[in-house]
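*Asks:* Each chain, written out:
Number of protein chains: 2
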Amino acid sequence: MHISKFVTPEIIFGKGALSQVGECCLRLGAKKVFIVSDPGVMEAGWVDKVTSVCRSSHLPYEIFCEITPNPKDYEITKGVKVYLASECDAVIGVGGGSAIDAAKAISILATNGGNIHDYEGVDKIQYPLPPLVMLPTTAGSGAEVSQFSVIVDSVRQVKMTIVSKSLVPDIAITDPYTLVTKNRELTAETGMDVLTHAIEAFVSLAATPLTDVQAKNALTLVAKYLRPSTASHTNEEAKTAMAMASIQAGLAFSNAILGAVHAMSHAVGGYLDMPHGKLNAILLPYVMEFNLLAAPDKFMEMAQLMGINIAGLTSAEAGRLAILHVKQLALDIEIPLCLSEIGLKEEYIPRMSQAALEDVCILTNPRDVTVSDLDRIFRKAL
Amino acid sequence: MHISKFVTPEIIFGKGALSQVGECCLRLGAKKVFIVSDPGVMEAGWVDKVTSVCRSSHLPYEIFCEITPNPKDYEITKGVKVYLASECDAVIGVGGGSAIDAAKAISILATNGGNIHDYEGVDKIQYPLPPLVMLPTTAGSGAEVSQFSVIVDSVRQVKMTIVSKSLVPDIAITDPYTLVTKNRELTAETGMDVLTHAIEAFVSLAATPLTDVQAKNALTLVAKYLRPSTASHTNEEAKTAMAMASIQAGLAFSNAILGAVHAMSHAVGGYLDMPHGKLNAILLPYVMEFNLLAAPDKFMEMAQLMGINIAGLTSAEAGRLAILHVKQLALDIEIPLCLSEIGLKEEYIPRMSQAALEDVCILTNPRDVTVSDLDRIFRKAL
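Protein chains in written order, with numbering that gives the first Met the number 0: chain A, 0 to 381; chain B, 0 to 381.
In case anyone wonders, no lab produced these hints; they're calculated from the structure.
Just so we're clear, the structure is a prediction, and the values are computed from it rather than from any experiment.
There could be a bad hint or two in this list.
Put simply, identical chains are the same to the list, so a pair is met inside one copy or across any two.
Only pairs whose alpha carbons sit at most 20 Å apart, straight line, appear in this in silico SDA-like list of lysine to any residue [as the list claims (entries may be wrong)]:
(1) K4 <-> D169
(2) K48 <-> P227
(3) K379 <-> D367
(4) K123 <-> D152
(5) K30 <-> D296
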């Protein structure tokens with residue numbers, strides 16, 4: 000048993016929790032808050048809800064919404080300029096992983112200066128960030144509880160992963176009601192992202208009993224609720240369960256890190272600006288097939304958690320059923336079956352494999368990975 | 000679904016984790032640390048280990064060990080005087096619940112002034128505490144992760160429960176190796192304390208999906224590992240599992256609060272200065288019998304988690320088996336069977352029942368409780 004660390008933000012969870020955002024910022028000492036979001040979330044009305052709560056709390060604010068999916072380095076540079084000019088002293092992120100990761104990245108530069116590229120890698124942040132309050136609206140990224148921020152280097156066209164305890168927000172406010180504005184496709188993709196977090200954290204080389212508990216519970220919830228959550232945008236029970244699954248999978252991967260799925264999807268996402276959840280969803284079963292060899296007992300446990308009858312099966316047999324189950328789930332919720340369907344071309348693969356090998360997430364993958372392994376998995380998933 | 004809050008410290012877990020205490024304090028900005036412990040823990044050598052790490056980290060320290068089991072208000076008054084005179088700026092608690100609760104209480108007065116009685120109840124602390132790093136040595140109290148501190152009012156002879164998010168330490172360092180110096184009786188009692196935390200948090204009116212996960216895992220671990228941990232003081236697997244169970248049960252009850260067992264044991268412990276874990280262990284099955292009516296499904300789930308075959312049983316039948324299982328566990332590890340065995344007299348009962356009714360823990364008990372209910376439970380447990 001190695002020495003393991005487990006870090007979490009304060010979590011406020013439940014329908015209507017959004018209304019506590021003003022009070023939370025005041026409690027953290029905020030005098031003026033910088034709200035980071037994106038145009039889609041803005042249009043869905045969630046930024047208005049947040050500013051209305053801020054006004055009730057007599058808390059001035061500045062809004063910055065110039066964030067795209069897979070947020071770019073230059074968006075962060077611009078964001079911190081606006082932050083500094085606006086004399087804010089706390090940050091609220093409202094949205095999916097992109098808005099929250101961008102809010103974190105802007106916060107790094109706000110108190111540490113320099114360029115976001117300076118912080119790529121593990122533990123590069125020196126000074127404490129401003130108070131951070133995150134409101135996820137996708138039940139996907141887990142960024143509201145994690146010590147990660149992923150930003151695209153627009154010149155190198157790769158995703159930079161920034162890992163630091165300083166990136167764990169002070170408070171994560173999860174209001175399942177915010178999930179009702181997600182469309183079917185986004186619900187499916189972000190839900191598969193949760194599943195990927197749970198599975199990669201569970202089989203990670205850095206998994207601990209504290210992360211396993213969270214990963215297993217998230218997996219159970221996704222197996223049960225992702226289908227009904229995708230089927231109906233108003234199913235409150237399913238939305239609440241998926242919101243909880245997102246937090247738990249986030250706590251798991253934040254502390255156990257991830258694996259080859261994320262390394263590969265970061266590579267593709269950085270180069271082709273494709274949706275992170277969709278990439279993970281396509282790659283997941285192929286990486287599971289590759290990893291089964293490394294952790295058959297954990298695969299068997301996953302099969303059980305997904306409700307598969309494993310009586311009389313060996314761990315490898317049960318593990319293969321777990322993989323089939325994940326494939327069927329993706330099929331049922333209409334995830335594309337292969338990467339070529341969403342625009343990956345065969346000639347990109349060598350470059351993608353090399354980038355994936357250099358991603359920090361590859362280090363905790365349970366099976367050793369070479370560049371030719373990655374090449375092979377990409378070709379299977381093409 | 001109500002809005003729920005979940006707060007945890009940073010957790011560092013694993014054999015040898017104690018060696019990180021200096022680094023942790025420095026990271027929190029400490030210049031000189033105040034080490035709170037008790038004579039028993041001192042004698043077991045753990046304070047020396049901590050001071051040796053502090054010296055390696057060039058971190059000056061002051062030791063305060065004048066703490067007794069069920070720490071008293073006047074010990075806190077004395078402790079804060081020494082703290083202020085020593086010009087420390089951070090606090091380390093080393094020991095069981097008593098040392099850790101005392102370390103928290105001293106920290107309250109260090110930055111908030113006044114008398115510890117001023118803070119009894121919920122959310123009475125106004126100013127942030129000094130950085131707090133806790134090293135539990137008992138795998139019992141969960142105080143290293145909780146938002147509670149329980150201090151005896153020596154005049155009224157009652158336990159004061161102080162609840163505040165400010166009491167959640169910054170860092171909990173759990174080194175399972177510290178458990179090897181516990182004797183059999185202390186291992187049994189503190190282990191039953193863990194079980195009580197898990198069960199009361201699980202059936203609490205304030206339970207949430209986040210606390211349930213922790214409570215269920217703790218329950219499973221205690222059911223499997225408390226017997227072997229009590230049987231051998233060097234069984235590393237069992238000690239590690241019980242250390243993890245203590246953290247998880249602590250996270251559960253810190254956020255879901257407790258119930259009648261704790262209300263009753265606080266009443267008796269404050270009046271008769273008896274070991275908290277032993278009181279909980281004796282009272283637990285009697286309170287479970289009383290509470291079964293309120294939460295039969297949760298009792299059935301507990302039976303399952305403890306490995307009982309519940310096929311074909313109603314939830315009430317399965318729940319009764321769970322209670323029998325807890326009784327058998329207590330018997331196996333030689334917990335006294337009744338309160339009279341450890342000195343409770345019948346004539347104290349009315350006073351004890353009244354004190355229990357006024358304890359904050361009674362508010363989250365799943366079944367309504369009157370003073371005559373408490374009287375009846377005390378008489379059964381006598």
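*Asks:* A separate judgement is required for each hint: does it hold in the structure or not?
*Replies:* Each hint tested on the structure:
1. K4 <-> D169: both (17 Å within a copy, 13 Å between copies)
2. K48 <-> P227: Classified as neither: same-chain Cα gap 27 Å, cross-chain 54 Å, threshold 20 Å.
3. K379 <-> D367: Answer is within; shortest intra-copy Cα gap is 18 Å, inter-copy 60 Å.
4. K123 <-> D152: Cα proximity of K123 and D152: one copy only (17 Å, versus 48 Å across).
5. K30 <-> D296: neither (51 Å within a copy, 47 Å between copies)
Consistency with the previously given hints fails for numbers 2 and 5, ordered from lowest to highest.
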